[in-house]
Each structure stands twice: as structure tokens, then as C-alpha cells.
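J.: Each chain, letter by letter, is given below.
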Amino acid sequence: MDSKKMIREFINSTIIDNPNGKNKLKDTDPLLEAGILDSLGMMKLLSFLEETFSVSLEAKELMPENFETVETLSSLIENKTSKY
Amino acid sequence: MDFSLSKEQILFQKSIIDFARKELNDNLIENDEKGSFSLKNWKKCAGMDILSIQCPVKYGGCKEDFLTTVLGIEALSYACKDSGLVHAIATQLCCIILLSLFGNETQKEKHLPNLSKGEKIAAQAITEPEAGSDVLSMQTAAVISGEYYKINGSKTFISNGPLADVIILFAITNPNRRQLGGVSSFIIQKDQKGLRKGEPLDKMGLRTMHNGELFFDDCLVSHDDILGKEGQGMAIFGDVIEFERTILAAAHLGTMQRILEMCIQYGKSRRQFGQPIEKFQSISNKISDMKVNLELGKMMLYKMAWMKDQGRRATLETSIGKLFISESLKKACLEAIQIHGGYGYMKEYEVERELRDGIASTIYSGTSELQRNIISSMAGV
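Sequences listed follow chains V and Y, in order. Just so we're aligned, residue 56 is where the first sequence starts under our numbering, counting upward by one. Just so we're aligned, residue 1208 is where the second sequence starts under our numbering, counting upward by one.
No lab work stands behind these hints, which were simulated from the structure alone. For every residue, glycine included, the Cβ atom is placed at its ideal position computed from N, Cα and C. Do not rely on the hints blindly, as some may be mistaken.
With the Cβ distance kept under 8 Å, some of the chain Y side facing chain V (calculated, not the full set) [unchecked claim]:
1) Lys1247
2) Ser1340
3) Ser1344
4) Leu1387
5) Asp1446
6) Ile1448
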């Protein structure tokens, strides 16, 4: 399971309005600072992460440092899945 | 998949229905006209452990699973015609859930026993004059000032606000990170210096539930009174709003059941053109639609509650349920007036009050328009 790839593809296809595949998101691009994740985007992303990786994200984990980039999101997911 | 309720859940609902019918329906028209909150009935509900149903046993509660809680609120709202009181209780339960989930030991020990016994009243302060559905545009700010946070701003339309002893306030702590990490929640007590509570707002319905403005002028709050951690506010809000939408939807369904039964009864007793009006399809079709919406709403409500019991995120489900059930309630209230004709328009028959109380359900806890935005977005738009 390549969580980084799955998260990146989800954001590219579902959150970013990017129909022609241009300007694809990189793993280190800032998600919050660049405004990629708005409130609705955040709701979609949380549901995707919990359903796809069978994890439950707690409020204490919903902090900026975990949602900065695709890389940090992937680390969060891998830390959680490795505990099971 | 088992759709049946347990024997305990059925008995629990029955005990609440018997209690509410006997104890909570006094002076309804007068209290509505005066906008009087019945502290006496609030205390009776506390005596029935209705307020402690989501409070952990350790803090004096009788913590039930969330589905059972939802069934209890549905039963309460079915039998108690004072929708304002039910709304005040729903608000209290949401605050208790919030504190149970995110409070530290000290905060839980300090607040939960009083709240679950109904000795103190709680409110959540989120909405602002310029930040309704657009929560993140809130302006109320908490700035670190030595050992304290200094809070400035105002909140409006706060359920239980004018009566509240304990307020859970959401404020900006980092304006550059509104989306995540920039909002924090605080526990504020009524005698906190710098807090001023407005008079109850005069409103169309839910008049027995006091709702008003809160003003914070250099209100100093200790670091010990932050709920969760600094910056967790939106995460906390996102979690609690799912419980809130479910509890309120349970109340709406209870009311719908009562309205349906009232309309069926009236349809049998009211005669026109030589027969009961229920014999006219234009009346019976309205009753069919009410019943369909009630049953579909129940299925969705119980799924929402089940998901929260599983510890699952239910953003989409609670939005669907909240939208469908609140719109169904509003429709049922309008149809009930139509079925009752001129009598339905008169205060004496208490149908018009149901409509005035019910309309707000499509506005508070996220308008129907906002729910549709969430649903379409989650569906892939």
C-alpha cells in the first residue's frame, strides 16, 4: 500500500479542480498555506483517509503539522496503521 | 442487520413518555407567549436522569450508548410539547458530550457533575453576527496575555446563552490558520470578568428556550480553561456537530410522531360533507407523506447514532439526516395546519406553535443550504 500515492491521487482528482491533469500536486506542496484544503475539502479528505486506511483520526491528530503536505499526511497514516 | 430495539430501550422510551406527558406539558401557551423557560421542568428532567444520560458514571452520570440517548430524546420530544425545553436539554447534552470527549480530568470533575444534575446550565458559543454558516470567518479572538488568554468579540443566537453558567466558547487563536489549528475552545464561567450576557432575544418560535448574545470585552481566561489543546477548536467542533445534528434530529422525529398522531386523530373526529375528513384523499395523502418521512427519518437517525457509537466519522450521514428530518418536520407542521384548517391557525389548538417551533430546525446547527453543500461535496461535486 503506497499511502502517499493514494492520498496524492485523491487530492488531485477530488479536491483540486484539475480536470486536465495540469499542475499536479507534489508531495511537498503546502496544502493548508496554499488554500488547497478548505473546510469542505477537509471533510472529504478525512472521510477518505478513515475509510481507505481503516483508521480513526482523533481531534488531537487534526493539527496543522499533520496536514501540511501529502508527505506529512502519509506519515500520519503510516504511523497509525503500523500500530495495528 | 437487526432493526429491533432492546427490551431495555423500549422500557426506557416508555418511562420517558409517561414522565413527560404527566409532568412537562403545563402552561404551554402562557409560557410560549411570555417566553418563559421552565426551570421547574428542567429540574424534573434532571431528576429523571435525562441530562446525565451522556455523562460518564465516574462524574455522576448514567452514561448510555448514543443510540439509547437518541431514543430517549426522541421519546422526550414526542411526549413533551415544550419544544423549547427539549432544545435546551439537547444543548446541555451536547455540552456534556463535548466536555466528556475533550475535557481533562480537572475540567470534567469540575463541570460534569453539576451539568448532568441540571444544577448548572451550559451553552456552546460559536455563531457570530457576521459568521453564521461561514463559521471560519469568526472574529472573536483569544490572544495570549501572560498567564491568561484575553478574549474580545461577541457571539449571537446562543441557545441557553442568557441562562448559561458554563459557556464553551470557540475563538480564533491564530488568524493565519483558520482552517486547521487556528481556532481554540475555552470553558468560560458566567461570573468571568469581561463576559456580558444579553437579554433573551425575542423570536418567532422555541420561545421557552432562551437564546441570546454574549459579549467578551478583555475577558481573561486561564490556560487551564482551554478545552483540548490550543488550535484544536475546529477538530472539536467537527466532532461535536455530528452528535448535535443527531440529537436535534431525534427531537424533530419525536415531534413529527406527535404531529402525525394529532392529525390522524383530528382527521377521524372532524366531519365535513357528511364524513370524517380522513376519508378525503387530499387529507389521507398528507398523512401518508408524513408517515413515509417519519419512517425514513428514523432509519437514517438510527444509522447516524449507530455510526457515532462505533466511533466512526459521520459527516455525510449526519448532514443527510439533519437535512431530511428538519425539512420533513417543517413540511409536517405546515400540513398539520392545513389539515386542521382554521383551527390549526388558532393558538388554542397548539398546531401553529409547532410550526413556529419547527421552522428553526432548518436553520440552526447548519442551514439546509449548508447541508446540501456538504452532501454534494461529499458525493463528489
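J.: For each hint, tell me whether it holds in the structure or not.
T.: Results of checking the hints against the structure:
A hinted interface residue such as Y:Lys1247 counts as satisfied when its beta carbon comes closer than 8 Å to some beta carbon of chain V; here the least separation is about 37 Å, so the hint is violated. Nearest Cβ of chain V to the Cβ of Y:Ser1340: about 10 Å, over the 8 Å cut. The hint is violated. Of the supplied interface hints, the one on Y:Ser1344 is violated, with its beta-carbon coming no nearer than about 11 Å to a beta-carbon of chain V, more than 8 Å. Given hint, Y:Leu1387 at the interface with chain V, holds; its Cβ is 5 Å from that chain's nearest Cβ, closer than 8 Å.
With a cut of 8 Å, the hint placing Y:Asp1446 at the interface with chain V holds, because the nearest CB-to-CB distance is about 6 Å. At its closest, the beta carbon of Y:Ile1448 sits 11 Å from a beta carbon of chain V; the interface hint therefore is violated under the 8 Å criterion.
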